[in-house]
Structures are given as C-alpha cells and as structure tokens.
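Colleague: Here is what each chain is made of, one letter per residue.
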Amino acid sequence: MIHARGLTRRFTVKRETVEAVRGIDLDVEAGRLVAVLGPNGAGKSTTLRMLTTLLPPTSGSATVAGRDIVADPAGVRARIGYVGQKNGAGENFRVRDELVTQGRCYGLTRAAADRRADEMLDLLELRPLAARKPGTLSGGQRRRLDIALGLVHRPGLLFLDEPTTGLDPQSRADVWEHILRLRAEYGTTILLTTHYLEEADAMAERVVVIDHGRIIADGTAARLKNDLAGDRVTVTVHDAADTARAAAVAARIAAPDGVSAEGVTVRLRVPRADAALPEYLRALEAARVKAATAETSRPTLDDVFLALTGRTLREGDGEGAAA
Amino acid sequence: MNLRFARDTATVFSREFAPVPREALGLLFTMGQPLLFLFLFGPLLAGTPGFGGAGGGSPWQWFVPGILVMMCLSGPMMAGYNLLVELIGGSLERMMVTPLSRTAMLVGRTLKEFAILLAQAVLIIALAVPLGFRLHFAGVLAGLVLLAVAGIGLGTLSFALAIASRPGGELFYGVTQLVMFPLLLLSGMLLPMDFGPAWLQTAAAFNPVTYIVEAERALFAGRLTDASVLYGALCACAVAAAGLALGTRSMRRGV
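Top line first, the protein sequences correspond to chains A and B.
Every letter in the first sequence is one number past the one before it in my numbering, and letter 210, counting from 1, is 210.
Every letter in the second sequence is one number past the one before it in my numbering, and letter 146, counting from 1, is 1146.
Same shape as in the complex, but just chain B (with noise of 0.2 Å):
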C-alpha cells in the first residue's frame, strides 16, 4: 500500500513536473519573482532605519525566510488552480477512473510546486549570502522541511476549493484573492508585526502563518530549539493534516 502510494506519487509527480523544464519564459518568471521581491522590496528594509529584525541581525536573515513563506503561499494557489483547469477539462476525471491513489493526486501535485519552491529558495539563498545574509545549514534543511509540510497542506486546501468551485471556478478566484492578502499581510511576512498597533498584533496572533513564518526565522537564524519552532511545526501539520482529510474526502465524494 505505501510503496504503491510512493509510487502514484512519483507518477504525479513526473507527470506535473515533465513541462516545467520545457516552458522557458514560464520558467524565467517564476525564478524572476522572488528576485524582484528580493532586490526592489529587500533594500527599502535594509534602509529603513530603526529597523531591527528578530535576533538584530542582517535584515536579509529576516527577510530570506520571509519571501520563501511568501512563495509556499503562492505555489499552492498555483497548483490549485491548475487542478481546477483539469477539473473543467475532462483530464482529471480520466485520471480518477484509473486505479491512482486519490491522495496520491493531491500529493504529487503538490511536490511538484514544492520543488520549484525549492529551486526558488537554493537561487534566493545563493544570491543573499553575498549581502550579508549567513547560512545555517541544519536551520535551513529544516526550514524547508517544514515549508514542504505546511506547503502540502495549503495545497491540498487549495484543491479542496478548486472542487468545491466547480463548474465556473468563481468561487475559487474570489476566495483565494480574499484569503490570500490577509494572510501574508497579517503574518509579518514582509514588515514586522511589532510595528503595528496592538489589534493588528492580535489579529496576527490568530493567523497560522504568522507561527509558520516565525519558526522559518528561527531556524534560519540557527535557533532550532527556538520554542517559535515547535509552534510553526504544529501548526504546519495542523494545516497538512486538515488539508489532506478535507482535499482527500472532496476527492472521494466524486468529482
């Protein structure tokens, strides 16, 4: 059963990963993106004075783990949206007829954005150490780690979405436009939440990103056994698990 699992996963997989290589422009874009964050957003906090990030290092050891939440939130939607482009089509319906492990769907798919997600932070990291930024190897492994954790389950929430938007896949668009920007811009992604006023701060405090994105400076700052860590872990596998139960069964009611 787990070996036949591995194996529908890798299906998936090299199914949803064989066009990435092919499609240039499409490929420039999405290691593009991070950069643009990273070079026209990454200088204003490096300049802002006053500007003391967790820990009071380098702004880009703040910053780094940041962008890469920021693209564990993005790549999701992604492949939640090209599941609902399958859906409308006929090409997942033919997948579900075949004996593939439903779950397995989910899974792969989401491995595959987690691999661009991957590709993303190996090019973000590269291009930091030499601005300051410095690599704590077993902090990162982990932060990765747990970014493929909590990135497994927004996708399969995502996709959960997708099924429930059929046929037109309206609601998907007009949810994923209003959750995305509440949770990246209360999570103190890309500004610290101790700027705010105290209610932003508590309204942060109920967002699971918030707690993702804490632990990630954490461990890439080094601090592994930062208590911050253990509550982004669980709160990734809270999220991974509501995730594959609520994308598995929509999966299963039929599609």
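In isolation and in its complexed conformation, chain A is listed as follows (with noise of 0.2 Å):
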C-alpha cells in the first residue's frame, strides 16, 4: 500500500533550514495497522502530510496506493482517506452537509453521497448530530465526525494524525473502537501517528518509531522491546552495605551495562526476567547477600525509545511545535 524510499523535507524558517524529514524508506503492506510514533517535532505529521500528497517531498519518492504521490497526486487522494489532526468540519456547516460535500468531493452524485452521508452517520453513531454545527459538539463527537469524513468514499487507505491527542480517555477509548471495528469490517489499511505510547502499544501490529526525521526503530511493539529494551529486575536488599556485592553478582547474570545500583536498589535490565529473577535470587542467597523485596516488569515502548535515543518520549511531551 506503502512504499517511500528517500523521503526528505526542508523547511525554511526564518532563513534557517530545518530537515524536518530525512530520508525515510517505509513499506505497509495492505490490510496493516501500522503506528508511527516519536515525539512532538519528530517528523511525523510531515512524513504523513507528504504521503498524502498535502506537501510536496523536498526529495525522495513514493508510491501510496499504487499511484506516485508526486507524479499522480490527484490518483492518490481519490484513493486515500486522511483525518488530520485538527477538525475537518467547517464550522459554518452542518455536520450532514459536511458529509454529503466531502462525497461530493470524491466525485459522488448527489444521490450517491447522500446515502453515503448516512451511512457514516449510522457507522459512526453521528445520527442524532445530523442536524448541529461542528461547534457545538464535544471533542470525542468531533473526531468521530473526522473519521467519518475520512471514510466516506471507502477508502482502502486511511491515514490519522494523531486521531486521539487532546482527547479525555473515554473518548480515546471510544474512537479506538472505531477504528478497530473499521479495520475489522472493512480490512482497510491504517497508518497513524501518535504520541500515546500505550495506544501504539496496544492497538498496532507494527511500531515505527521515529525521531528528528529518521526512522530509528521498526518492528512489533513486542519485538522491539525485546530487541531494543529487555525485562527489568528491581531487587532491594536490607542493607546498603550489601548493594555493591548484590549489584556484582547481578553483573554474572545480566551485560555489564545492564546493571544499575543506587542506595539499596539493583535493577538488572535482561531478555527474560521471570527467569533471571529466582536465578538471580538463588544466587543472592549462595553470595550470603538478603533480598528484601523483588519485582519484575515487562518493558514499554518508552524504554524502547530511551535504549534507543537516551532520552525518554515523555520528557518531549508538549515542547516544541507539531511537525
């Protein structure tokens, strides 16, 4: 559905140039669930905006929909569906007429588009909000009504900006479920981007995680913390006398620069920690070290991104501007 290879923006600002976007090479087979995520200024928003042929590539080239997005534009938007991250009603019109305009758009009759405009108002549960204006509806109402203007023409490529950002968590939870049931029902391919990294986490088949316009990282959330991270071991021990002794043994089980001591804390960053984790303890015991308490946890995709980058995704949370 996807294929780019070398795609590169430069912005001019202020007569400075910023590479937004620096040679990005992505393919999405069809029927994916694909979620580019990277903090604010990452990239995200202009590799997608490139792709949906709102900006033209400083360099590079793609094929979206199996039409080239510089030399055949106009076949890649009939193609494709696109809810951006701000709201697509206009806030003059009704939120029907919004509707039947955008399958208008798509080269509907009339006829055709007012069916259509229906359909997605039932499929969306936007029925009741026909008749209202784009501003009296809440944030969770509003984005529902993206999607559905996203879909209107069935498209088999969808892209979302950041489709739940600002959103309370009913109703991320809420417009998540539209998505899936899309997905489910239609089998359309669905590439979006995010911040969330619990969205990213639980929602998509595939992770790309980018950062100052580079991909850095591409695979299952599951493999790439396998990969990138790795299982955390947190052990406390009674005394601080004994951390370097315990930190030491851990060091037998766990790469040397997994290791980490502070105070009367050991963490052991290993591929499995419920199995390093009675190894380790066994041999706390025979080293005459005591354990005070144990835990294990799985690795986010936060620990992913700071393996990765040294820096953590939600320090960046906020700074900057949208890219």
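In short, the hints are calculated from the structure, not lab data.
None of these values were measured; they are calculated from a predicted model.
The beta-carbon is built from N, C-alpha and C at its ideal position, and this holds for glycine as well.
Take the hints with a grain of salt, since some may be wrong.
[Stated by the list, open to error] Pairs of lysine to any residue residues, derived as SDA-like cross-links and limited to a Cα-Cα distance of at most 20 Å, are as follows: (1) 86(A) with 14(A); (2) 14(A) with 1093(B); (3) 86(A) with 31(A); (4) 86(A) with 1014(B); (5) 86(A) with 1142(B); (6) 86(A) with 1085(B).
[What the hints assert, rightly or not] Some residues of chain B that are not near chain A, with every Cβ distance over 10 Å (derived): (7) 1008; (8) 1031; (9) 1037; (10) 1039; (11) 1085; (12) 1103; (13) 1186; (14) 1199; (15) 1201; (16) 1206; (17) 1207; (18) 1246.
Both chains are sitting in their own frames, so use the hints and assemble them into the complex.
Modeller: Take a look at the structure:
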C-alpha cells in the first residue's frame, strides 16, 4: 500500500533550513495497522503530509495506493482517506452537509453522496447530531465526525494524524473502538501517528519509531521491546552495604551495562525477567546477601525509545511545535 | 477535465451557499448594507449642487454602479476571510486531500460571493428605478458579467493573501485594511474624481478599480461600445488572470 524511498522534506524558517524529515524508507502492506511513534517535532506529521500529497517532498519518492505522490497526486487522493490533526468539519456547516460535500468532493453523485453520508452517520453513531454545527459537538464527537469524513469514499488506506490527542480517556477508547471495528469490517489499511505510547503498544501490529526525521526502529511492539529494551528486574537489599555485592552478583546474570545500583536498589535488564529473577535470588543467597523485595516489569515502548535515544518520550511532551 | 472542473465548482458553491438562506440575521445585514449607502449617501449626491456625473443624467445612474463595485470589493474580502478561518481550522486541509480541483475550491467560493452580489444588485436596482434610475437591460447584464470577472480576480487574490497570512492571519487583516480604502476612495466610486486635484486624479489613474468603475457606469448608462468598457474589461481580466494564477499557485505549494 505504501512504498517510500528516501523521503525528505526541508523547511526554511526565518532563513534557517530545518530538516523535518531526513530520508524515510517505509513499506506498508495492505491490511496492516501501523503506528508511527515519536516525540513532538520528530517529523511524523510531515511524513504523513507528504504521503497524503499535502506537501511535496524536497527529495525522495513514494507510491501510495499504487500511485506516485509526485507524478499522480490526484490518483493518490482518490484512493486514500486522511484525518488530520485539526478538526475537518467547517464551523459554518452542518454535520450531515459536510459529509455530503465530502462525498461530492470524491466525485459521487448527489444521491450517492446522500446515501453515503447517512451510512457514515450510522457507522460512527453521529445520527442524532446530523443537523448540528461542529462547534456544538464534544471533542470525542468531533473526532468521530473527522473519521467519518475520512471514510466517506470507503478508502482502502486511511491516514490518521494523532487521532486521539487531546481527548479524555473515554473518548479515546471510543475512537479506538471505531478504528478497530472499521478495520475488522472493511480490512482498511491504517497508518496513524501518535505520541501515546500505550496506544501504539496496545493497538498497532507494527510500530515505526521516528526521531529527528529518521526511522530509528521498526517492528512489532513485542519485538522492539525484547530486542531493544529487555525486561527489568528490581531487587532491594536490607543493608546499603550489601548493594555493591548484590550488583556484582547481578553482573554475572545480566550484561554489565544492564546493571545499575543506587541506595539499596539494584536494577537488571535481562531478556526474560521471569527466568532471571529466581536465578538471581538463588545467586544472592549463595553470596549471603539477603534480598528484601523483588519485582519484575515488562518494558514499555518508552524504554525502547530511551534505549535508542537516551531520552524518554514523555519528556518531549508539550515542547516544540507539531511537525 | 472541464466537466469535472464544473462539477467541483458546483460542489464548492453549494457547500458555501447552503448556510446563507438559513442565517436570517446575516442575510439581513448583507442585504441591508448596500441599502444604507443607497439611502444615506445617495441623497447627499442628489442634493449636491453642480453634481454632474458622467452623462449628466440622474445621480442614481451614476451612483448605483459605484455601490455595486464597492460590494464587489468587500465580498471577495469576506471570501478570503472565510478561507483563512478554514485554513486555521482543519477543514480546508481535509478538502485538499480529496481529488477536488484546487482552482474549483477558489472559484466556487468566489461564485458564492457573486451570487450574493447579484441578489444585492437586483435589490438596489429595483429600489433605484422609482428614484429615477433608468434600466438598460443589456448594459446591466454586461456590467454584472464584468463584476463577476473582477470579483473572481479579487477573490482569488484575497485567497492568496489568506494563504500567505498563515498561521496567525495578522497579515491578512493588515493588508486588507491598508489596501481596501485607497482602492475604494481612489476609484471615484463614491464621488467623481473630476472634483479632485490633479495629483489625486493621477493616483486614481493607477488604480485598476477606477477603470472598472468607469466601465460599469458606461454599461449601466447603456453605452456598451464606450472605450471605457474596453479598458474596464481588460483590467478585470488582468486582475482575474493574476488572481487565479497566484491563488492556484499558493494552493499547490502546499497549505
């Protein structure tokens, strides 16, 4: 569905060149749900805007839904749906009218656009809001309307730019329910950006991590976590004098750079915490170190990002402009 | 291609136009504004001693085309403003990802303003006829076509300005305020430029709106073959060509 090679975009801001996207290669097969994850300003939206023909790339090429984004943007547009970061419905227009207009924009006849608008109202449970203006809808309702607008022409490929940003947890869950249902019913290929780690982790089959305009990791969430972060074992000892010895024991089980000690706490990064913990506790006992508490945790995608960049994704929240 | 363009233009037009009849209050203001000029300013002209509009006929004959051109300036400005609002929100972006023609997006919006202008024109003319305005049907028709062409040009120029004003929009408000009044005052729209000093008349000669106003006056007086009609038509076409080129280019460069 998507084949991008060396996609690059530079902007000139106040006479300075900003490289928003620096050479992205990306292939997405039909039917997939792919999440593009990265901090604000990483180049997620810029990449999406190039793939959806909103922004011509500075260099590089891509075919989207079988059409070249530079040579045949109209062909791409006819085959994709796009839900941007901002709300798609105009403030002066009624919900249903906007859906009909959207169908007409895709070349449907008036009657077909009418029918499709009604289907979308039902699909996204917007029927009672048909005659309202967008300004009177809640955040979650507006987002559902945005998705309805992106689906009017039943695209095989849907781009969603931060579909749940700024929504309360219940609306987020609601939007997700609709996205997943859509996928189950129509087999729509979905590429979305998010900076909510939990969403990318729980929902996507594949996570593409972008930082500073480059793809720095790409795979299933589970594989990224196993390969790049690993599980964590955290053990505390009774006496701070034992910490150094406990750390030395730990270094026999985990890689030396996977062990850290602080106060009475020793942390290990290991491929499988469930297997490593009993082994470690036995080794501690043999070394006559008494463990006080022990726990294991699975890594998060944030740990993956931390392992890759030395920064956490959460620090990036709210700083820098969306790009 | 042309058929598709016509269909896209119709799509944009009907989207833009749908809310108009629903907003009773807005409609009242839209229709009331030219009437205010007609009734609060017109009598001043009619009562001004020595006021000799071109042709020397009724002052209404002279004044009505002027008000129409004024409306034709403010309508497109409104269209640019509406576009700016949709640019800052996400609705324009949403439509730019559809196969809808970029040019149709601009032309459809301008045509909606023109439809309103047309309604205003009919209203003004209907009210001016009892006051002594003589209706030259063919001239009025040609005059409205000329206004449509100029309106498309001004509208698309205002779109280009709106796009250049992102994200804040300050540039748009600044430039429209700065440009609107000189264009209006230097066109002889409200008072004949013949009354002014030579430097003012020279300045007016550089204002394309002046030629459109003069052409409209000639047409509304039934002088269809007047030389001013040719100049006005050339000006309107030039503005339309420049506007369409600039507006479409700004849309293509990515919004």
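Colleague: All hints are to be evaluated individually against the structure, with a verdict given for each.
Modeller: Going through the hints against the structure:
{"no.": "1", "hint": "86(A) with 14(A)", "in the structure": "violated (25 Å)"}
{"no.": "2", "hint": "14(A) with 1093(B)", "in the structure": "violated (24 Å)"}
{"no.": "3", "hint": "86(A) with 31(A)", "in the structure": "violated (25 Å)"}
{"no.": "4", "hint": "86(A) with 1014(B)", "in the structure": "violated (24 Å)"}
{"no.": "5", "hint": "86(A) with 1142(B)", "in the structure": "violated (43 Å)"}
{"no.": "6", "hint": "86(A) with 1085(B)", "in the structure": "holds (12 Å)"}
{"no.": "7", "hint": "1008", "in the structure": "violated (8 Å)"}
{"no.": "8", "hint": "1031", "in the structure": "holds (18 Å)"}
{"no.": "9", "hint": "1037", "in the structure": "holds (26 Å)"}
{"no.": "10", "hint": "1039", "in the structure": "holds (30 Å)"}
{"no.": "11", "hint": "1085", "in the structure": "violated (7 Å)"}
{"no.": "12", "hint": "1103", "in the structure": "holds (13 Å)"}
{"no.": "13", "hint": "1186", "in the structure": "holds (33 Å)"}
{"no.": "14", "hint": "1199", "in the structure": "holds (39 Å)"}
{"no.": "15", "hint": "1201", "in the structure": "holds (42 Å)"}
{"no.": "16", "hint": "1206", "in the structure": "holds (33 Å)"}
{"no.": "17", "hint": "1207", "in the structure": "holds (33 Å)"}
{"no.": "18", "hint": "1246", "in the structure": "holds (18 Å)"}
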